[in-house]
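Undergrad: Respectively, the protein sequence lines represent chains A and B. Going by this note's numbering, the first residue of the first sequence is number 0, and it counts up by one from there. Going by this note's numbering, the first residue of the second sequence is number 832, and it counts up by one from there.
Rather than coming from a laboratory, the hints here were simulated on the basis of the structure. Hints may be right or wrong, so weigh each one.
[What the hints assert, rightly or not] Subject to a maximum C-alpha distance of 27 Å in a straight line, what follows is the list of computed DSS-like cross-link-like pairs (lysine-lysine): (1) Lys1029/B - Lys1013/B; (2) Lys1073/B - Lys1029/B; (3) Lys1073/B - Lys42/A; (4) Lys886/B - Lys948/B; (5) Lys42/A - Lys1029/B; (6) Lys1090/B - Lys1013/B.
[To be verified] Derived coverage of chain A by chain B (criterion: at least 3 residues anywhere in the stretch with Cβ under 8 Å from a Cβ of chain B; other residues may be distant): (7) 29-36; (8) 48-54.
[Unchecked claim] Heads up, incomplete: computed chain A residues facing chain B, CB under 10 Å, no partners named: (9) Ala58; (10) Val59; (11) Ser61; (12) Asp64; (13) Ser66.
Note that beta-carbon positions come from the ideal geometry of N, C-alpha and C, so glycine has one too.
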Amino acid sequence: MDLKTIIENIDLILLTEERDFSCIPVHSAYMSDLLSCVMTGAKPHSVWITLIANINIVAVASLLDISAIIITEDAQPDQETIDRANMEEIVLLSTEASSYTVAGKLWEMGIKEH
Amino acid sequence: MSSTTILSDSSASRITRVEELAYELTIAEVMTRNPITLDINASMRDALDVIGKAKISGAPVTRDGKLIGILSVEDLIRSLRDGRIERKVTLYMTQNVITVHEYDQVVEALKIFASTKVGRLPVVDAHNNLIGILTKGDISNGVLKALQNDIEAEELIRYRASHLFEDIVSDRTSLILRYAIKKGDFLHGGAASNRIKKALLRLGASNQIARKCGIAVYEAEMNLIIHTTNGGFLRVEVEHNKIVMEAYDDGPGIPDIEKAMTPGFSTATHEVRNKGFGAGMGLVNINNCVDEMIINSSPEKGTNLHMIIYLDKLSKQG
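The following block holds chain A by itself, in its conformation from the complex:
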């Protein structure tokens, strides 16, 4: 599965710069709002679902080589966070839906690895 398909299917809003998302493969996803859990749980090149929108999520994603962060419940990161994400080439996506709903949709799309 590629990130483009996910963005289109789940109707996610892109917060960072436009890129060729069809070239970004996604094999797994991880959902948590505790950074230490993400540290041990999230795999490289995965998608991370969270409702945390502060700048620390970019540092964690960059450290773990996470491809994209889906920020749920309409939580909005500030400009500094978005700028940092662009610099670190982390894709930030936003949705009104809850983390549970997003996870469910990804599961239905066939992403069942965590």
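We have chain A; now place chain B onto it with these hints.
TA: For chain B alone, kept in the frame of chain A given last:
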């Protein structure tokens, strides 16, 4: 030879290096240059001499360097059977020759070999001047040579990386990275650990080692930001056989280290928890990432967290 297949997106992801090379290599890189040729005025007897002596199974026929046909051993046999060995090669050669161009990819030649019965392809330039000849053997040799180059390039990178660590031990020095971490600086939280991880990758550390060090140092970095009185320092020392990471501060110290090591136990404030911290897993995560972890802490001297990852052990684990 199997027939040519068209690659779909899904099968493209499973493409082998050999298949890749068929697209990367040009015919000029694998063909035989200055091939043995027959002049347009040569007789079949001349051809028999040339082809017999060179032990080849055919040769292109040229006029002033331009390709006009190709003569095979089968053509020679036909002329012998007919008893017309003194006739010219132009009588027996194949005139409408399938050719390839020097800058074509090898895959173009493979397609022709797969769909026709030809065993050799003359290589011509834009003006039909013969510049080489290509057989399936040439392609196999070219691909094998390219694979060998791949392996040598990879070995060189590995050698350089490992050599760096060897240099370190021979000089009896080590590489030290040091970062000052400010109390409450959530804005730059993770910046130092990210830099450390990138530095280790550049030094030739494997992804696995860099990731483990990154996670351990990140947790230590966030502890300095969240829990210290005045911030602290991160210090990473790269030696030839281990990476030693240290986080130290001047207070307030950890009252009960055993409790702090309990998964889920946290003293983080509500405000800090809202930022996603305070899972009570920091020290537990560190302990899982490193081979050795030592904490010394007192209210007077502050906390010193000592973490070691052994490189030999990790590389053995793959």
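Undergrad: Determine for every hint whether it applies to the structure shown.
TA: Checked hints:
Distance check on the hinted pair: lysine 1029/B and lysine 1013/B sit about 21 Å apart at the alpha-carbon level, within 27 Å; holds. Note on lysine 1073/B and lysine 1029/B: the hinted pairing holds, with a Cα-Cα distance of about 17 Å set against a maximum of 27 Å. Only pairs whose Cα atoms come within 27 Å are accepted, and lysine 1073/B paired with lysine 42/A is accepted, the gap being roughly 24 Å. Our distance criterion of 27 Å between C-alpha atoms is met by lysine 886/B and lysine 948/B, whose separation comes to about 20 Å.
Between lysine 42/A and lysine 1029/B the CA atoms are separated by roughly 18 Å; this keeps the pair inside 27 Å, and the hint holds. Distance check on the hinted pair: lysine 1090/B and lysine 1013/B sit about 25 Å apart at the alpha-carbon level, within 27 Å; holds. Under a criterion of three residues with beta carbons nearer than 8 Å to beta carbons of chain B, the stated coverage of the stretch 29-36 of chain A is upheld, 5 such residues being counted. Closer than 8 Å: that is the beta-carbon criterion, and the stretch 48-54 of chain A has 4 residues meeting it against chain B, so the requirement of 3 holds.
At a threshold of 10 Å, the smallest CB-CB gap from alanine 58/A to chain B is about 3 Å, leaving the interface hint in force. The beta carbon of valine 59/A comes within 6 Å of a beta carbon in chain B, closer than 10 Å, and the hint placing it at the interface holds. Annotation: interface hint on serine 61/A holds; nearest CB of chain B at approximately 5 Å, less than 10 Å. Here the hint on aspartate 64/A is kept, as its CB sits about 8 Å from the closest CB of chain B, short of 10 Å.
With a least beta-carbon distance of about 15 Å to chain B, the hint placing serine 66/A at the interface is violated under the 10 Å criterion.
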